[in-house]
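Asker: The residues making up each chain are set out below.
Number of protein chains: 2
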Amino acid sequence: MENFLEQLTREQLAEVERQFDIYCSGAKEIIPAWELKNKIAMSILKNKPLKVKLGLDPSAPDVHLGHTVVLNKLKQFQENGHTIQLIIGDFTGKIGDPTGKSTVRKQLTNEEVKNNAKTYFEQFGKVLDMEKVELHYNSKWLSRLNLEDIIHLASSITVARLLERNDFSERFRAGKPISLHEFFYPLMQGFDSVELESDVELGGTDQHFNVLMGRQLQEHFGKEKQIVILLPLLEGLDGVEKMSKSKNNYIGVDDSPSDMYGKTMSIPDELIVKYFELVTDLPLERKKQIKEELAQGKLHPRDAKMLLARTIVSSFYNAQQAESAEEAFKAVFQRGGLPDDIPVVKWQGEMEVPIVDLLTELKLQKSKTEARKMIQNGGVRINEVKVIDINLMVDIKQEPVIQVGKRKFVKLER
Amino acid sequence: MENFLEQLTREQLAEVERQFDIYCSGAKEIIPAWELKNKIAMSILKNKPLKVKLGLDPSAPDVHLGHTVVLNKLKQFQENGHTIQLIIGDFTGKIGDPTGKSTVRKQLTNEEVKNNAKTYFEQFGKVLDMEKVELHYNSKWLSRLNLEDIIHLASSITVARLLERNDFSERFRAGKPISLHEFFYPLMQGFDSVELESDVELGGTDQHFNVLMGRQLQEHFGKEKQIVILLPLLEGLDGVEKMSKSKNNYIGVDDSPSDMYGKTMSIPDELIVKYFELVTDLPLERKKQIKEELAQGKLHPRDAKMLLARTIVSSFYNAQQAESAEEAFKAVFQRGGLPDDIPVVKWQGEMEVPIVDLLTELKLQKSKTEARKMIQNGGVRINEVKVIDINLMVDIKQEPVIQVGKRKFVKLER
Chain A
1 MENFLEQLTR
11 EQLAEVERQF
21 DIYCSGAKEI
31 IPAWELKNKI
41 AMSILKNKPL
51 KVKLGLDPSA
61 PDVHLGHTVV
71 LNKLKQFQEN
81 GHTIQLIIGD
91 FTGKIGDPTG
101 KSTVRKQLTN
111 EEVKNNAKTY
121 FEQFGKVLDM
131 EKVELHYNSK
141 WLSRLNLEDI
151 IHLASSITVA
161 RLLERNDFSE
171 RFRAGKPISL
181 HEFFYPLMQG
191 FDSVELESDV
201 ELGGTDQHFN
211 VLMGRQLQEH
221 FGKEKQIVIL
231 LPLLEGLDGV
241 EKMSKSKNNY
251 IGVDDSPSDM
261 YGKTMSIPDE
271 LIVKYFELVT
281 DLPLERKKQI
291 KEELAQGKLH
301 PRDAKMLLAR
311 TIVSSFYNAQ
321 QAESAEEAFK
331 AVFQRGGLPD
341 DIPVVKWQGE
351 MEVPIVDLLT
361 ELKLQKSKTE
371 ARKMIQNGGV
381 RINEVKVIDI
391 NLMVDIKQEP
401 VIQVGKRKFV
411 KLER
Chain B
1 MENFLEQLTR
11 EQLAEVERQF
21 DIYCSGAKEI
31 IPAWELKNKI
41 AMSILKNKPL
51 KVKLGLDPSA
61 PDVHLGHTVV
71 LNKLKQFQEN
81 GHTIQLIIGD
91 FTGKIGDPTG
101 KSTVRKQLTN
111 EEVKNNAKTY
121 FEQFGKVLDM
131 EKVELHYNSK
141 WLSRLNLEDI
151 IHLASSITVA
161 RLLERNDFSE
171 RFRAGKPISL
181 HEFFYPLMQG
191 FDSVELESDV
201 ELGGTDQHFN
211 VLMGRQLQEH
221 FGKEKQIVIL
231 LPLLEGLDGV
241 EKMSKSKNNY
251 IGVDDSPSDM
261 YGKTMSIPDE
271 LIVKYFELVT
281 DLPLERKKQI
291 KEELAQGKLH
301 PRDAKMLLAR
311 TIVSSFYNAQ
321 QAESAEEAFK
331 AVFQRGGLPD
341 DIPVVKWQGE
351 MEVPIVDLLT
361 ELKLQKSKTE
371 ARKMIQNGGV
381 RINEVKVIDI
391 NLMVDIKQEP
401 VIQVGKRKFV
411 KLER
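Each protein sequence line maps, in turn, to chains A and B. If you're matching positions, the first sequence starts at 1 in UniProt numbering and goes up one per residue. If you're matching positions, the second sequence starts at 1 in UniProt numbering and goes up one per residue.
Mixed in with the good hints, there may be bad ones.
Pairs involving identical chains hold if they fit within one copy or between any two copies, as the list cannot separate such chains.
Below, in silico cross-link-like pairs of lysine to any residue (SDA-like), each with a Cα-Cα straight-line distance of 25 Å or less [as the list claims (entries may be wrong)]:
hint, residue 1, residue 2
1, LYS176, THR158
2, LYS176, GLU219
3, LYS225, ASP57
4, LYS245, SER256
Think of the hints as simulated: they come from the structure by calculation, not from any bench.
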């Protein structure tokens with residue numbers, strides 16, 4: 001790649017540095033950093049926006065706070081006049097898993113793909129200016145490839161290189177089968193970058209291998225190589241696993257203000273700073289200040305979390321709704337009262353029910369094992385009184401209020 | 001597969017056994033033998049010929065005696081009324097090696113493919129009745145495959161299974177690169193069997209993996225699985241390496257009767273029986289007798305070889321030409337005279353030339369190193385006198401006859 005940096009004026013160089021600092025903030029890795037600066041320089045010199053790509057899995061359109069990490073990064077590019085390329089991976093979605101073994105990668109109909117894309121589009125609109133976003137379906141070019149094209153594509157990569165990908169290498173070492181077609185998914189993702197001539201691709205750190213594939217394939221096809229920006233993965237409410245719908249540890253961008261607020265309040269204290277950094281768009285200075293004050297003990301974690309929750313709700317709704325959510329939260333959890341909007345269930349069964357059965361039948365717990373654990377951990381209350389006995393028989397006739405954890409309530413009526 | 005054997009009459013069963021014995025003779029492996037019997041039974045019951053497949057590499061059309069091993073096997077099927085499917089692998093030939101690394105798999109033009117197919121066709125006609133043979137070009141179906149088809153195809157096979165193939169596993173262990181596209185060649189060969197619904201596929205033992213792939217893919221696509229018949233590889237004139245054009249250790253089916261005869265006479269004694277078994281169509285009984293007589297010392301190896309050479313020349317030419325070739329051979333090698341048809345070269349260079357240079361310039365030896373070895377081994381004669389001195393200066397003015405090995409002669413003229 002030509003060196004554009006040395007062709008810039010001092011003011012232009014300062015602009016490169018300004019943008020570069022923004023794009024680096026919160027990023028885990030930039031591969032390679034020098035080329036990113038040079039690409040920014042090129043876009044300034046040629047007055048040509050960079051093409052910044054994000055690939056999306058069409059099978060799981062529920063957008064949560066984990067996505068906003070990358071969305072916020074896209075927003076930074078958009079605010080500096082660059083072009084966002086969203087790729088809906090509808091080709092793979094339509095194929096599903098041909099071995100039929102994976103339920104996750106089940107085959108989607110055209111309509112499902114379109115609906116899921118629409119969901120992304122609506123929910124991303126909460127962060128990005130969608131009128132300026134390019135939306136692409138990769139079936140457009142992937143379905144046109146024939147065997148000859150694919151052999152050329154496959155010739156650019158070695159089997160050993162593919163087996164280096166973490167999940168592949170683990171399975172290979174463990175003697176677990178890897179179907180040959182699985183090797184195609186990274187190739188297809190990489191080929192999207194060839195087709196769209198992307199300058200930058202964003203991804204979570206778990207996308208390391210796939211996103212680098214784009215660089216490799218672009219080079220193979222004689223194109224400029226894209227820059228890879230890897231963003232940290234956001235842990236979910238449990239503080240351990242990556243936030244995801246399937247782990248049920250997520251804050252959905254479609255959650256109600258009170259849910260969003262309450263869920264934010266439930267994150268472990270250790271994650272407060274990371275959440276501020278990754279999912280809020282507060283100025284860098286403000287984020288630093290919060291971090292320092294927390295470290296020095298000047299800011300109480302509870303107060304920091306309330307600020308975080310308010311900031312998050314404000315960004316997806318507005319300041320007033322954030323305040324209402326805070327008020328409601330305080331009413332329940334800080335003053336100790338019950339919330340106003342407890343769902344009511346008309347009980348159809350026996351009038352005396354073991355507490356464990358009741359929790360699972362009301363779907364407050366997934367399994368009896370988990371229900372028992374929750375009781376043993378002191379997480380279950382009936383009419384605000386902690387349940388001690390895991391064999392307790394609940395008297396439905398009294399129309400009790402059942403509470404699980406901090407925020408799940410059901411009022412039973414007979 | 002349905003059991004057809006139990007539906008046969010006694011006479012029909014005898015016919016199955018008769019054919020089965022023929023197809024087994026000389027075969028290294030039949031996978032699985034029971035199914036072959038059952039397929040023969042089916043063809044008898046339904047009066048439906050079996051489809052017997054042989055795949056051909058379009059890049060190397062020079063047919064030699066090594067090919068006749070498999071051609072003779074095809075001939076046996078043809079004589080029993082079954083259908084031969086010859087597949088020209090033109091698809092791979094047209095692609096070549098996309099990495100550009102292999103000179104062997106260079107890209108062929110349409111015309112080259114057609115010409116090579118024509119060569120096969122003409123040369124195979126010396127063994128098979130080509131009017132009854134089906135000729136297929138696999139580009140017909142392979143070029144139609146799109147990415148979705150290929151992903152389905154690839155989903156049927158695991159990476160570990162592909163890495164089991166001998167050459168792949170060796171390279172993988174040695175850390176040598178295997179390009180992903182190389183995994184496609186066995187898949188494509190297997191898919192040919194799916195498309196043509198082959199009942200039987202023939203191959204050399206080095207084709208073990210590829211030919212079994214057809215079975216696996218047919219099953220994946222819900223078809224009856226083909227039987228695999230693996231035939232031993234024929235060692236070339238050196239008695240060590242597989243006969244091949246590139247090793248220059250072959251007897252071409254287009255060789256002149258005298259070349260064919262002479263080359264056959266040059267094989268090591270240990271190969272006499274194997275050549276009788278694999279490349280002649282003498283009756284099984286006769287082959288057994290020769291083997292026994294050789295073992296008992298009743299038949300001299302030289303006489304056995306002469307019989308072999310006569311038989312081979314007869315089958316590609318006729319008995320009379322075989323006899324002439326034998327006469328000529330005897331004239332030179334047994335009576336010690338020079339042959340009548342020595343090629344004459346008009347020498348343009350110096351009149352005194354070192355013997356080593358002369359041998360390479362006349363292309364009687366590939367390199368000076370080999371020329372020196374040949375002299376040291378006593379394989380070079382000038383005017384029927386063995387050359388001892390590797391630094392000998394040859395006097396061209398005497399218009400000498402140069403002889404290398406038993407059968408290469410050049411007469412120099414100034």
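Asker: Which constraints among the numbered hints does this structure fail? Numbers only, ascending.
Answerer: none
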